[in-house]
Amino acid sequence: MHELSLMDEVVAAVTCEAGGARVHVVRLVVGRRAGASPRALRFCFDACTVGTALEGASHDIVETDGDELLLEEVEVS
Amino acid sequence: MCTSCGCGGESGHVLVHEHDDDDDDRGPRPGVGYGWGREVRTVHIERELLAKNNQIATRTRRLLSDIDVTMINLIGAPEAGKTSLVEATLRRLRGDDVQLVVIEGDQTSDVDAKRIERAGGRVLQINTGPGCHLDASMVADGLSAMAPRPRSVVVVENVGNLVCPALYDLGERAKVVVMSVTEGEDEPLKYAHVFRAAELLVLSKTDLAPHVAFDDARCIANVRRVNPRLRVLPVSVVHEDGLDEWCDWLVR
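Chains as they are written, first to last, in our numbering: chain A, 308 to 384; chain B, 2 to 253.
These aren't lab readings, by the way, just hints derived from the structure by calculation.
Some clues are possibly wrong.
[Unchecked claim] Using C-beta positions, here's what the derived DEER-type ranges look like: (1) B:Val-252 x A:Ala-347: 19 to 27 Å; (2) A:Glu-362 x B:Arg-219: 47 to 55 Å; (3) B:Val-239 x A:Glu-362: 53 to 61 Å; (4) B:Arg-232 x A:Asp-374: 19 to 27 Å; (5) A:Asp-374 x B:Arg-63: 20 to 28 Å; (6) B:Pro-131 x A:Pro-345: 20 to 28 Å; (7) B:Arg-152 x A:Gly-358: 44 to 52 Å; (8) B:Gly-96 x A:Thr-371: 34 to 42 Å; (9) A:Ser-365 x B:Ala-52: 46 to 54 Å; (10) B:Leu-234 x A:Ala-319: 36 to 44 Å; (11) B:Asp-208 x A:Ala-354: 41 to 49 Å; (12) B:Asp-208 x A:Thr-322: 13 to 21 Å; (13) B:Ala-141 x A:Thr-322: 22 to 30 Å; (14) A:Gly-358 x B:Pro-131: 15 to 23 Å.
Every residue gets a Cβ at the ideal spot worked out from N, C-alpha and C, and that includes glycine.
Chain A with its partners taken away, still in its complex shape (with noise of 0.2 Å):
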């Protein structure tokens, strides 16, 4: 279940950048080559979340054919 790192990752480097904005929405780009499953991801999400500045925001997976895993933006206010 490397999913529930890559979200820590990913609300670890989304706190650092919201820097205490309210983030809406957070979107990830996985490649169908990365070896990460964006069902796994979208699952770990909300457990990931709790207590962070990303709880209760959205999340966007756009999937690829290629094999990028990127945090790729957010929106927040």
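Put chain B on the given structure of chain A with help from the hints.
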């Protein structure tokens, strides 16, 4: 014009967001409207998700290269024969000039470290607890503790798992998959990621091949479909077959 808020796409609106050409594929923009009365802005990050791990791995690779140390990341399913291969390697290299340092990764217990110790190896056990793989920081800490001498060889035996370890660079020279004949010829097709990431496949327990009707040709064909460049090395620790080739590859 933006279909979400009707703005002309210029900055300075209450709601500022991106207007990519493929926006329509993404459906409604969930962020818009959340920040009623507050400005919602998009922050581009484009950060590789394993960035932190990969930075540590890159640093490890450089540090090891500076002192001419080779590190191998041994990956395989539980009971593939990874520890037996390391024990046999220690026996084989005994008396040679090469110092072998072993880092053992398991969720729990130091059973494997004790086996390696009995075989005469310098070993460090890392327990990952709930974790299913070793990451670069665990291995970097392990290397600091073990302080391998210049020109030695470090064998990292990853947690028994064919899935997650494929994703984590530890700073190794190469990933090696250990797959036993008892696991079946189709394994490369079923766990393709790790077979793609590896440089060498050690096909272990070949002494058992006749008992499980293992089909070499089918296995090799499956390996080729997934990774045409993957070198395959059949090994039997029991019959001591293939160990010279393995040790030559390891200390090359």
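Here's how the hints hold up against the structure:
no. : hint                              : verdict
1   : B:Val-252 x A:Ala-347: 19 to 27 Å : 39 Å, violated
2   : A:Glu-362 x B:Arg-219: 47 to 55 Å : 50 Å, holds
3   : B:Val-239 x A:Glu-362: 53 to 61 Å : 55 Å, holds
4   : B:Arg-232 x A:Asp-374: 19 to 27 Å : 22 Å, holds
5   : A:Asp-374 x B:Arg-63: 20 to 28 Å  : 23 Å, holds
6   : B:Pro-131 x A:Pro-345: 20 to 28 Å : 22 Å, holds
7   : B:Arg-152 x A:Gly-358: 44 to 52 Å : 48 Å, holds
8   : B:Gly-96 x A:Thr-371: 34 to 42 Å  : 52 Å, violated
9   : A:Ser-365 x B:Ala-52: 46 to 54 Å  : 23 Å, violated
10  : B:Leu-234 x A:Ala-319: 36 to 44 Å : 40 Å, holds
11  : B:Asp-208 x A:Ala-354: 41 to 49 Å : 45 Å, holds
12  : B:Asp-208 x A:Thr-322: 13 to 21 Å : 53 Å, violated
13  : B:Ala-141 x A:Thr-322: 22 to 30 Å : 24 Å, holds
14  : A:Gly-358 x B:Pro-131: 15 to 23 Å : 19 Å, holds
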